[in-house]
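Read off the chains here:
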Amino acid sequence: MSITTPQRESRPAADRRGGTRRVSAVTRAPWLLLAPFLALFLLTFILPIIVAVISSFTKVTRGGLFGETGVTSKFAGFSNYAQALADGNFVASMGRMLLFGVVQVPVMIVLATILALLLEAASARWPGFFRAAFFLPYGVPGVIATILWSFLYVPGLSPLIDIAGWFGLSPDFLGPSAVLWSIANIVTWSYTGYNMLIIIAQLKAIPTEVYEAAKVDGASPVRVAWTIQLPLIRPALVLTTIFSIIGTLQLFAEPQVLQTVSPAIDSQYTPNLSAYTTAFAYNDYNVAAAQAVLIAVVAFTLSFAFLAFSNRKSS
Amino acid sequence: MTTQLTKPVTKPAAKPSAKVHKPGTKKSTTIVVTGILVVAALYFLAPVYWVLVASTKSTADLFSTNGFAFAANFNLWNNLSQVLSYDNGIFVRWFLNSILYAGIGALLATYIAAAGGYALAKYQFRGNNLVFGIILGGVLVPGTATALPLFLLFSQMGLANTYWSVLLPSLVSPFGLFLCRIYAQATVDPALLEAARLDGAGEIRIFHTVGLRVLTPALVTVFLFQLVGVWNNYFLPLVMLSDTKLYPVTLGLNTWLSQVNRLPEFYQLTTGGVLLSIIPLAIAMVVLQRFWRGGLTEGSVK
Amino acid sequence: MPLVTRRQLLHGGLGTAALGLLSACATPGTHSVNTAPTIASTTGEKITIEYWSWLKDLQVVADIWNAANPNVQVKTVWIPSGNQGGYPKLYSALAAGGGPDLAQVEFGVIPSFMMVNGLVDISRYGAAEFAGRYDKNLWNQVSFAGGVYGIPQDSGPMATYYQSELFAKVGATAPATWDEWADVAAELRKAKTYIDCFPLSDAAVFTAFAAQAGASWFRADEDGWVINMSDEATLEVARFFDKAIDKDLVQTGFTPFSPGWFAAAGKGEIATLTSASWADALIAGISGGAGKWQVADMPRWSSGGYGSSYQGGSTVGVMANSKHPREALEFAAWLTSTQEGIDAEIEHCGIGWSPAPEIIGTPRTQPSDFFSGQNYNQDIFAPAALEQNTQWSWWPSQQQSFNILSDGFRQKASGTTLVDAVVAAEEKIMTVFKNSGLSIRKESA
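For the record, the sequence lines run as chains A, B and C. Residue numbering for the first sequence follows our numbering, starting at 1 and increasing by one per position. Residue numbering for the second sequence follows our numbering, starting at 316 and increasing by one per position. Residue numbering for the third sequence follows our numbering, starting at 618 and increasing by one per position.
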């Protein structure tokens, strides 16, 4: 994730030629090339964020029993934010996602790293097949993955519960205490292979000489993994962890779909589900906007905190 | 089979890349490593196997037979024809919509991100760092946080509940731009650009002839990344679309699933639909995963 | 030099466009259609009316109308049922300034749709001429603040479905009171059978029981809403089910009509279901259930109350952005209050109880083989439809209120009581009202 400053090769080139037309072309070109991206970025990122911020500071008051005698919008200060934060369910959903992230993200990253190292180890058989098998779930959309797993969770349908029954167990995958981890399992299933592939890409970039040196020293494969491979794939691990953190806060499809089979999932189970419910079931677009802003702020803070943390550790 | 068994000894040597270095593999290690990989593969493939089995069953068998075993009554073709014909073939329509959103979206998004990333990497201009910084911030904003306000905005513009409402946001990939910029910095040789300039080519033309060609490995990655991202997207279409005819397959299958409690025959439609929607993606993933590396980490290795 | 101006121009242009957009971007649903002039009905030209509903095969019924009304064609669009996705779709379509002419709206959410100005006051389009065809009680439930906001489509009078064999095994008959019900439940428990589920995650069932006991949670007063959720009737119901759950008399692990419920009911581990008339079709889906089930009157509360209650039930609402409200209203009335419409809706859509007391629907006059030859519709549900709490009226943010209640009920597992949950919910719902800019006060005792 290192961000290098842009290189300065084009400007001197243009200067050497000296033509003013050339200079203006070189000055104009980057903006022309950037224009489509910037226009769409403005429309789909910047403007919505401004809209969200504005509407999060607006409040509606209604006259009469249903607002039939008049509805007025006015500036509300931070009252929508206060209301979002006073909503125990929304705050609980944030806490739930933090717990989820603290457990699920490390498990998934460790699993992805182990699988990547094993696949890249010389002793692995059929690496092509395994890599494809592990990566396949990434192509299954979250909704469909959840539908799939929900069939494996529902009593009466699930062969897993039948099999557990042979051993005298009766797991309740959809109960109030287990369902969060049932969701974690779906997410892990979906994204481990993808993270593994990023790590493999980085492993392949390690120069062969590094391994040769280790071989001369007589290092064991485990030692090679620990002292050479892991430090060198750090950037990939940082990248995948940040994406996983953002992904965790975005969690929506899995709990929303699982809701139909698990009464334990309420309509504000995750921050996103909460914002969606507030907007489209409770029709409170202003508080929903405040929730969306809060989600973005938390995602930002966590990602930057993690970046700062990993940079400090590396230096 | 016998020839295959003797081969692995020489196999590592055939791959010059990362494997020559390893100490001679011991048989016990191979067994342990392969064993772990097999267990992992079982975990990743079991649900897919389940849906394969389930889609061959009738609704009654679905509930009365073990989920991992085929039932005596083979009902697959019947189920699939129901999936394809239900509601005048709405499933096919959903599928085509998904292809439209993901295919066109990813293609254009890649081009747009490439142009932007190339511009930021290869030109020094006022505001370069500022623009890049803002876009980088966009990588960190959860897509779902912008979906709600985007809906309000599109509503005002009359774009909500149209193809555009899903397509337009799919054209923007801040992460893709980020990758393209890194890759362009590392691989696009300034001398090449200068040579093209001396030949009298315009800047935009240079990007199309020289830039895009050199960027190709990164573009494949960005394209695949965006393709899967849009294909898997659920929140955005859910918020934007109310017309079932515009649904992508994810949203469509979920509306089927939401009916199973009242109408159990939807179990068959859902499992059949899930199977049909997984097959092309599974093939795509298996075929494309080898391309999934160019550019992803080139920039960050340094 | 010209470049600079061009760029400035570009910036300026984008800036103005953005500002224009933002200023137009008011909070959705704050503009009322019911103060605008009424829309005249069309004469002679062909129009199409769109109806969003979660009834299956509704187009077949609409085609009967279409054949007779070539100028007013009705097109139906299937949406997921209510809170499972239908309402969010409607709300978002309304917020986007679109949506259908007609939509299926449950009685309880009419006020919520009114809050976002989503419904047309059809009294301005002559709804009164149809009022006489409908059950008075139901018509009251669509009338608010001097207007009419929906045409009743179906209702859900409640009764108790029970497996007679399981009852015979413990020597019980259908309970006439809830106290008897609890006694039977205890007997059944000894035979490893639960009498029924109590869904902690769906407050609608509890609400129906409270309404039966005589509760009236909300009423509209001149100075705003008046709430009374912690009245004696509600608390009696809460205490009753607190006890039933504590004594393990009811199943709380799954809810009715879930796969687990179907399996348990098929195996005889669930003996009864106290639910609405429309549950008959679902019970008929229990494997091996034919001939085992019968229907009895709902048990009564000892303190009084009513003989039955409503669960579910929906209306046809004319939506705010309809271009043809009068024609839409005429179709809705035909669909829900004529012999032709009701019979077709029963046959093709499996619609709930008819809102027109004169017409229960031809298919419902026959005895049922599945229900042991009982003519249960005429014998049980027709009288039940008349035994209703007439004081009950629905309120805005009903879904949020139900979610608040069921969030509280879910805590039952960790030691709180339903009584606590109801009392706490009342406070929270008052906050919800105030937050959405409505005035509300507690009923003074």
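Derived by calculation from the structure, the hints in this document are not laboratory data. Yeah, the Cβ is synthetic: ideal placement off N, Cα and C, and Gly gets one too. Mixed in with the good hints there might be a few duds.
To be verified - With the C-beta cut set under 7 Å, the calculated list includes, among others, these residues of chain C facing chain A: (1) S709; (2) M731; (3) S760; (4) A762; (5) S818; (6) G1054.
Cross-check of the supplied hints:
1. S709: holds (6 Å)
2. M731: holds (4 Å)
3. S760: Check failed: Cβ of C:S760 comes no nearer than 12 Å to chain A, outside 7 Å.
4. A762: Check passed: Cβ of C:A762 comes within 5 Å of chain A, closer than 7 Å.
5. S818: Holds, because the Cβ-Cβ distance from C:S818 to chain A comes to roughly 3 Å (cut-off 7 Å).
6. G1054: C:G1054 check passes; min Cβ-Cβ to chain A is 4 Å, inside 7 Å.
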